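Novice: Chain residues, written in single-letter form:
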Amino acid sequence: MKYESQKIALVYFAVAMGLFAIQVLGGLLAGWIYVAPNTLSELLPFNIVRMLHTNSLIVWLITGFFGAAYFLIPEEAEREIHSTKLAYLQLLILVVGTLGVVVTYVFNLFEGNFLLGKEGREFLEQPKWVKAGIVVAALIFLYNVSMTVLKGKKTAITNILLLGLWGLALLFLFSFYNPSNLALDKQYWWYVVHLWVEGVWELIMASILAYLMLKLTGVDREVVEKWLYVIVAAALFSGILGTGHHYYWIGTPAYWQWIGSIFSSLEVIPFFAMMAFAFVMVWKGRRDHPNKAALLWSLGCATLAFFGAGVWGFLHTLHGVNYYTHGTQITAAHGHLAFFGAYVSLNLAIFSYAMPILLNRDPYNQVLNMASFWLMSSGMVFMTFVLTFAGTIQTHLQRVLGDYFMDVQDQVAIFYWMRFGSGLVVVIGALLFIYAMWVPRKEIIERGATETPAE
Amino acid sequence: MKQTSGIDALPGELLMWVLIFSELLVFGVGLLAFMAVRLTDPSGFAEAQSALYRTGAALNTAVLVTSGFLAAKALEYRRKDRRAQARLSLVAAAALGCVFLIVKGAEYAGKAAQGISYETHPFFMFYYLLTGFHAAHVLAGVMVLLLVAWRDETGNIEAGAQFWHMVDLIWVLLFPVVYLLG
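Chains R and C, in that order, are what the protein sequence lines are.
The numbers in the numbering used here rise by one with no breaks, and the one at position 439 of the first sequence is 439.
The numbers in the numbering used here rise by one with no breaks, and the one at position 122 of the second sequence is 122.
Everything labelled a hint here was simulated from the structure, so no lab data went into it.
Values in this document were obtained by computation on a predicted structure and should not be read as measured data.
Where a beta carbon is used, it is the ideal one built from N, C-alpha and C, also for glycine.
Hints may contain errors.
Derived, one-sided and incomplete: chain R residues facing chain C with beta-carbon distance under 10 Å [what the hints assert, rightly or not]:
1) 229
2) 234
3) 237
4) 238
5) 250
6) 251
7) 255
8) 258
9) 261
10) 262
11) 263
12) 265
13) 269
14) 282
If you want a taste of the chain R side facing chain C, the calculated C-beta under 10 Å gives, among others [stated by the list, open to error]:
15) 230
16) 253
17) 259
Could you build all of it, start to finish, from the sequences and the hints given here?
Specialist: Below, the structure is given as structure tokens:
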């Protein structure tokens, strides 16, 4: 660790991993409710469990991004973070807000209250005061990192990362606008949801991946930057108008079907480019970095993002296909592999790279970490496959033959059982990862072995 | 480690080529979709197409190709350090771009007067989408040409001309498919 203020990242990573554990346990519970629907139906209804599962995901991913920024910006800008105190204050606001959401929702407090009650909008359910808190925290963050970068060295990686993080914060402002017309509500709501994950988050992903490649493979910065710019251009070109693929059936004009189909099909390109980038860098790289776990997560991230976000996204993005598959388990299959591949793996990659440095014990227990990679990845891929099968059958029975929703659900129950099993594997993998990050101290891998590659 | 690949052999900015490639993909896919949907209703598409103002579109083709020629000339002048001539050519190219937009605007106004909108027939939805997107690029191109006439480094003019030729090329692809072929 070159800069003292990089330590800020440790606390952010800790919070992120805590929420990660809660998120996957919530997912496991939701998966169980699918096979035993009456579980906790009075105490903790499914919609609340699902909300906690998706929202804790988003919150821990963003917390991880913030931590990653606090870790890599000092190194890139070659100076300490502007204010350590502000960084901790920002985290405190986010944690209080998150707890506020959970308590408000689980106990359904302040129902209907403008400021304190939930808003009942999917993914943007937070009470107003929490939304305001998020904005304040984001402003503190942006001020803090922008000041650091402005006073320090500017690199392509920090420029793109800041562009992504500024975009993330500004687009969140759309969550305050809540028109009573449901079609309009959805139209603006996608400005947050879509333009995050298929827009500015891709910039964050590309820049963090570029940083990891730079450190892990030793390829020239010049080469990494060229790739980075091309990836970012492709992501924004396809992603912004790709928003149209959410406008097929919400009451917006029909031309969105073609705009959405054409541009969102091209969203595969940046994900393919990121995968090509990661592998080409590893092939070209001369450095044999001892942190094999971080490299494994980086390559896994790029690969699973291409399949989860790129291929599984394209699977149902054309409006002719989506007419039948909309809102079936196909969507759930895509959602799981896309988020896991792109953003979960990315966070776990930067954790794997940064934690040994932050805790001053590199390299340490890599075997457990790598085992957790294979557990989580194989569990998630299996889950994606079974949900894809379930979704295909559901589409045919429900949308083509016209069977009733609940009758169809009964017929795909076997897939829900298998999904629960694969979810269990993912949870075990996640807990193992967290254990491997924090607990073992003594298993030092011989450095000498890595200096002479066995070729 | 130096990257030695065909990409380095491309003249001008790499990112401009990425943009050009992406634009060609979008318009190419759009035209393919248009032709695919036309197969489902050939007579309806032919009838709708007959409402188009072909003379105006042909005039616009001549206008845009001439404008592209001027942009290419501008780069040549700038390379020979004849800056004033280069700037003049760029401004003239931009002016022709505006002529294109005026003719296009008259065409749209004519359609509107006839009560034709994107909802009239699938043909018109594609017509408005494809030519509308293209017109938006012409507008952007005019601004780019004026921008590089002001900031007239050779590299800038090269990038501006690259963009303008792409706009030109796309129109030359759109014109026969949308206006002429039935």
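Novice: Determine for every hint whether it applies to the structure shown.
Specialist: Do the hints match the structure? See the list:
1. For residue 229(R), the interface hint holds, the least distance from its beta-carbon to any beta-carbon of chain C being 6 Å, beneath 10 Å.
2. The restraint placing residue 234(R) at the interface with chain C holds, with a minimum CB-CB distance near 7 Å, inside the 10 Å limit.
3. The interface hint given for residue 237(R) holds, since its Cβ lies 5 Å from the closest Cβ of chain C, which is under the 10 Å cut-off.
4. Satisfaction of the interface hint for residue 238(R) is found here, the shortest Cβ-Cβ separation to chain C being roughly 8 Å, below the 10 Å cut-off.
5. Interface restraint check for residue 250(R): the shortest CB-CB distance to chain C comes to about 17 Å, outside 10 Å, so the restraint is violated.
6. The interface hint given for residue 251(R) is broken, as the beta carbon of that residue sits about 14 Å from the closest beta carbon of chain C, more than 10 Å.
7. Interface hint at residue 255(R): satisfied, since its Cβ lies 6 Å from the closest Cβ of chain C, which is below the 10 Å cut-off.
8. The beta carbon of residue 258(R) comes within 6 Å of a beta carbon in chain C, closer than 10 Å, and the hint placing it at the interface holds.
9. Hint status for residue 261(R): holds, given a least beta-carbon distance of 8 Å to chain C, under 10 Å.
10. At a threshold of 10 Å, the smallest CB-CB gap from residue 262(R) to chain C is about 5 Å, leaving the interface hint in force.
11. Checking residue 263(R) against chain C by beta carbon gives a least distance of about 7 Å; that is within 10 Å, so the hint holds.
12. The beta carbon of residue 265(R) is positioned within 10 Å of a beta carbon in chain C (closest approach about 7 Å), and the interface hint is therefore held.
13. Because the smallest distance between the Cβ of residue 269(R) and any Cβ of chain C comes to about 8 Å, under 10 Å, the interface hint for this residue holds.
14. Interface hint at residue 282(R): violated, since its Cβ lies 13 Å from the closest Cβ of chain C, which is beyond the 10 Å cut-off.
15. For residue 230(R), the suggested interface contact is upheld, since its CB lies about 5 Å from the closest CB of chain C, less than 10 Å.
16. Given hint, residue 253(R) at the interface with chain C, holds; its Cβ is 7 Å from that chain's nearest Cβ, closer than 10 Å.
17. Taking 10 Å as the C-beta cut-off, the interface hint given for residue 259(R) holds, the closest approach to chain C being about 7 Å.
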